[in-house]
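One-letter residues, chain by chain:
There are 2 protein chains.
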Amino acid sequence: MRLTPLALAFCFAAPAAFAAGKPTTIAPADIAIAEQLREKALRDDTAWEFTEGLTTEVGPRLAAGPNDLKAREWVTARFKALGFDKVWSEPVTFPKWVRRGEHAEVLAPFPQPLSLLALGHSPGTPAGGISAEVVGFDSFDALKAADPAAVRGKIVYVGARMHAHQDGHDYGIGSQVRVDGPPLATQKGAAAFLLRSAGTDNDRLPHTGVTRFDPGQPAIPAAALSSPDADQIERMLKRGQPVRVKLVLDCGFEGEYTGANVIAELRGSKTPDQHFVMGGHLDSWDPGTGAIDDAAGIGISVGAARLIAQLPKRPARSIRVVAFANEEAGLFGGKAMAEKYRKSIGNTVLGSESDAGADRIWKITATVKPEARDAIGQIAAVLKPLGIEYDAQAPGRGGSDLSALHAVGMAGLSLHQDATRYFAWHHTANDTLDKIDPEQLRQNVAAYAVVAYLAAQANGDFGSAPGAFAKDQGED
Amino acid sequence: MRLTPLALAFCFAAPAAFAAGKPTTIAPADIAIAEQLREKALRDDTAWEFTEGLTTEVGPRLAAGPNDLKAREWVTARFKALGFDKVWSEPVTFPKWVRRGEHAEVLAPFPQPLSLLALGHSPGTPAGGISAEVVGFDSFDALKAADPAAVRGKIVYVGARMHAHQDGHDYGIGSQVRVDGPPLATQKGAAAFLLRSAGTDNDRLPHTGVTRFDPGQPAIPAAALSSPDADQIERMLKRGQPVRVKLVLDCGFEGEYTGANVIAELRGSKTPDQHFVMGGHLDSWDPGTGAIDDAAGIGISVGAARLIAQLPKRPARSIRVVAFANEEAGLFGGKAMAEKYRKSIGNTVLGSESDAGADRIWKITATVKPEARDAIGQIAAVLKPLGIEYDAQAPGRGGSDLSALHAVGMAGLSLHQDATRYFAWHHTANDTLDKIDPEQLRQNVAAYAVVAYLAAQANGDFGSAPGAFAKDQGED
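Residue numbers (the UniProt record's numbering), protein chains in the order written: chain A, 1 to 476; chain C, 1 to 476.
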């Protein structure tokens, strides 16, 4: 469910009239320290070194894949080396999905190879592949409206296009096709499913990503074509002759796997049981090295925490950095954490995750109790010199892995990264370190350092409590 | 050999003092027709339709590969359908090189897969691949200076970087590493050769291209890493631990193949034995569909010829469009043509090939006899409204496939395309139709239509004669 800004204002205004609690405030001395952290962050390369190290020394990190354990060991060692007070893991269990390879070709009318990647959680094809005629749709809704008779036994292709925007809103179009398209095509009796990659680029590099298939459910092989390959299929379909494609996907579920969230903590000096949480996810899709998605997210949090650790004194509350397990195939790390901390969610005073690359943060939003709104305004004022605008009306749920914690009552704050470039590389082999601009990365660290420090020092909380934000669910 | 502009001016000025022939001129009525052709071309999509058709209906066109014959049949049929007066083929024989596949991985210190492509004419590795330590160099000259003892038995890596420029001059750096690096490394006893792709992009798509290995010569497996993979290897080397890579290339020579140049002619109305020649090459590297390299080159020539064919009367001289065979692996089509027409090269009054994509032409240069210099100036004046500047000092040898004809005495004219984007996609899977901007493509057609028409109507020739330009060799 998405709330409009007006509905949101109302649902918080109402309890406030009864509660009329003490406003949360931030002391001028803390603002001054936050400003120093902000300036120091713009000259600090801890985040870069973390991101460089993880993407170089571990590389691709498919959840449950050959590097899952290695990545956890790497991040654990790095957290310890960086001087956190405590580092630990919390187990996360999820279905193991394996990609062994894939290829495809047009058989007729114009034989030629196609570049594609199987979607996460797709089953494989039979060993000899699937050869069938392609039936094309230009949107998810067009497939929805299709008569099953037109689809049965065929390879469904959906060719929705995404365009680049600062707020990345076209990902809604692309991810709907990728997530909901394959089950819909399965239901209509299709033999397999192809989509134009959910991306904004024209590179011959397909965008993988998970689809909505659970182990044991009916499912058909599903894969993403690169944008130029999608163009090619569309040009062939336009000529009116039957287009036959052969698809060979070697992938599928292989039981269960237990990974872990890896957590590092700076222990609070006054109320250590309360904490601010930030982080990113440790897993990545396998074709790239997961630099923008999401080594940078952990790196930014680590960079921010490190600067706070260098202050003469720990802030009042604890600060946690989480490297989440298996975000990509279903937010498993975030869900496990929400389950574990559900009852004590009031201790997680605020959370903010970085999972949209490392380009400049341009907007801050938050979903907090009304009495904390002014404190968010104080935080936003410290961020303003970084070119970050405060939208006090829009929700801020803290990001992908934190969505489950928000759902059980954690107050959320979102630092919105410029997504203009992000969806060109997201989930592709092109997600590599060179796509990160060190200067923009430092701006991210500056923003997170400010938010983390001020959340940990604020006088009063942000409204976290079991069920507190039950009406504010959905994506930022 | 490269001549400086001054040396060039001198070597043509000298014979002119003796010859003092009649200047070549172009009649005002012909200028007027050329101006009409130019304007009409800016609204004509024949070149686009040709390029779209060849890249969609044939796709990749590796010389001697599965589509070589199919491409010749396609282009022959299209030439005929477009109303040329005569269409024929001239056989071209060359070594057949086959790519069956390749893969590579870092074995230590940080195991992970690498994206690479074997270079054309590379031998394969033994079936189990080659596993060896990598020794890195940052330039061709550094490899040249290396002690063979430091290289023996190792995988040589050369990491020279190219940057994007309008005139594409950094390709000199990249192509030297690719062409001359592998034989040099072979000579020094290396086990295999890797380079940072000769490209200006940061995409995870390696740039293939031919290297200087002939059948039967000593040779080692040679391949190009994508730019992000090259970065990764360099970061690992910088850490100081031994970097071990496993390389599996399945490719190599397989006897000889006879393909053909396919030629289309508009028959001249007065002196049909004399002709202007333009075109592009029909072969492409196999990972892409050869849109910018070089379906567009033929498409541009076809578009220009078609407009001239629609005039009420054929121009005085013939106009030939050539779809050259196997440019990529050694200019075989151009060389076969030069051999065949060597004695009668005086009939090829002028030649200009398009082989640098389809972005806007920004410069015209020519290598002609001094008495034709004014006529080139007249042609350049008609091109000026297209934003094309005339550099009367620099050579213009007509382009890659025509270099062999120029070497035996053909006067050359070069229409320089903006190469800023070209070397990001050149020889990669990204060489696909979407990289062509229809508006810039039409500007190219306009320029070629003007040049072809005026060369075919000029009063007097441009200096083509056996051996005429023996001193002006090299690349444009």
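Any given hint could be a false lead.
[What the hints assert, rightly or not] Calculated Cβ distances over 10 Å to all of chain A for the following chain C residues:
id : residue
1  : Pro-109
2  : Pro-113
3  : Ala-145
4  : Leu-311
[Unchecked claim] With a straight-line cut-off of 30 Å between C-alpha atoms, the simulated DSBU-like cross-links for lysine-lysine are:
id : chain 1 : residue 1 : chain 2 : residue 2
5  : A       : Lys-238   : C       : Lys-70
6  : C       : Lys-343   : A       : Lys-238
7  : A       : Lys-270   : A       : Lys-340
8  : A       : Lys-154   : C       : Lys-80
9  : A       : Lys-144   : A       : Lys-270
10 : A       : Lys-343   : A       : Lys-144
11 : A       : Lys-144   : A       : Lys-238
12 : A       : Lys-270   : A       : Lys-80
13 : A       : Lys-246   : C       : Lys-70
14 : A       : Lys-238   : A       : Lys-22
15 : C       : Lys-86    : C       : Lys-340
16 : C       : Lys-246   : C       : Lys-154
17 : C       : Lys-154   : C       : Lys-270
18 : A       : Lys-70    : C       : Lys-70
19 : A       : Lys-246   : A       : Lys-80
20 : C       : Lys-270   : A       : Lys-238
21 : C       : Lys-343   : A       : Lys-70
22 : C       : Lys-270   : C       : Lys-80
23 : C       : Lys-270   : C       : Lys-340
24 : A       : Lys-471   : A       : Lys-22
25 : A       : Lys-70    : A       : Lys-80
26 : C       : Lys-238   : C       : Lys-270
27 : A       : Lys-22    : A       : Lys-384
28 : C       : Lys-246   : A       : Lys-40
29 : A       : Lys-86    : A       : Lys-471
30 : C       : Lys-238   : A       : Lys-70
31 : A       : Lys-80    : C       : Lys-238
32 : A       : Lys-313   : A       : Lys-246
33 : A       : Lys-246   : A       : Lys-270
34 : A       : Lys-340   : A       : Lys-40
If you are wondering where the hints come from, they were derived from the structure by calculation, not from laboratory data.
No residue lacks a Cβ here, since even glycine has one placed at the ideal position from N, Cα and C.
Hints and how they fare:
{"no.": "1", "hint": "Pro-109", "verdict": "8 Å, violated"}
{"no.": "2", "hint": "Pro-113", "verdict": "8 Å, violated"}
{"no.": "3", "hint": "Ala-145", "verdict": "28 Å, holds"}
{"no.": "4", "hint": "Leu-311", "verdict": "32 Å, holds"}
{"no.": "5", "hint": "A/Lys-238 with C/Lys-70", "verdict": "22 Å, holds"}
{"no.": "6", "hint": "C/Lys-343 with A/Lys-238", "verdict": "49 Å, violated"}
{"no.": "7", "hint": "A/Lys-270 with A/Lys-340", "verdict": "24 Å, holds"}
{"no.": "8", "hint": "A/Lys-154 with C/Lys-80", "verdict": "37 Å, violated"}
{"no.": "9", "hint": "A/Lys-144 with A/Lys-270", "verdict": "56 Å, violated"}
{"no.": "10", "hint": "A/Lys-343 with A/Lys-144", "verdict": "40 Å, violated"}
{"no.": "11", "hint": "A/Lys-144 with A/Lys-238", "verdict": "21 Å, holds"}
{"no.": "12", "hint": "A/Lys-270 with A/Lys-80", "verdict": "23 Å, holds"}
{"no.": "13", "hint": "A/Lys-246 with C/Lys-70", "verdict": "21 Å, holds"}
{"no.": "14", "hint": "A/Lys-238 with A/Lys-22", "verdict": "65 Å, violated"}
{"no.": "15", "hint": "C/Lys-86 with C/Lys-340", "verdict": "18 Å, holds"}
{"no.": "16", "hint": "C/Lys-246 with C/Lys-154", "verdict": "11 Å, holds"}
{"no.": "17", "hint": "C/Lys-154 with C/Lys-270", "verdict": "64 Å, violated"}
{"no.": "18", "hint": "A/Lys-70 with C/Lys-70", "verdict": "49 Å, violated"}
{"no.": "19", "hint": "A/Lys-246 with A/Lys-80", "verdict": "50 Å, violated"}
{"no.": "20", "hint": "C/Lys-270 with A/Lys-238", "verdict": "44 Å, violated"}
{"no.": "21", "hint": "C/Lys-343 with A/Lys-70", "verdict": "69 Å, violated"}
{"no.": "22", "hint": "C/Lys-270 with C/Lys-80", "verdict": "23 Å, holds"}
{"no.": "23", "hint": "C/Lys-270 with C/Lys-340", "verdict": "24 Å, holds"}
{"no.": "24", "hint": "A/Lys-471 with A/Lys-22", "verdict": "23 Å, holds"}
{"no.": "25", "hint": "A/Lys-70 with A/Lys-80", "verdict": "15 Å, holds"}
{"no.": "26", "hint": "C/Lys-238 with C/Lys-270", "verdict": "68 Å, violated"}
{"no.": "27", "hint": "A/Lys-22 with A/Lys-384", "verdict": "26 Å, holds"}
{"no.": "28", "hint": "C/Lys-246 with A/Lys-40", "verdict": "43 Å, violated"}
{"no.": "29", "hint": "A/Lys-86 with A/Lys-471", "verdict": "34 Å, violated"}
{"no.": "30", "hint": "C/Lys-238 with A/Lys-70", "verdict": "22 Å, holds"}
{"no.": "31", "hint": "A/Lys-80 with C/Lys-238", "verdict": "24 Å, holds"}
{"no.": "32", "hint": "A/Lys-313 with A/Lys-246", "verdict": "63 Å, violated"}
{"no.": "33", "hint": "A/Lys-246 with A/Lys-270", "verdict": "64 Å, violated"}
{"no.": "34", "hint": "A/Lys-340 with A/Lys-40", "verdict": "35 Å, violated"}
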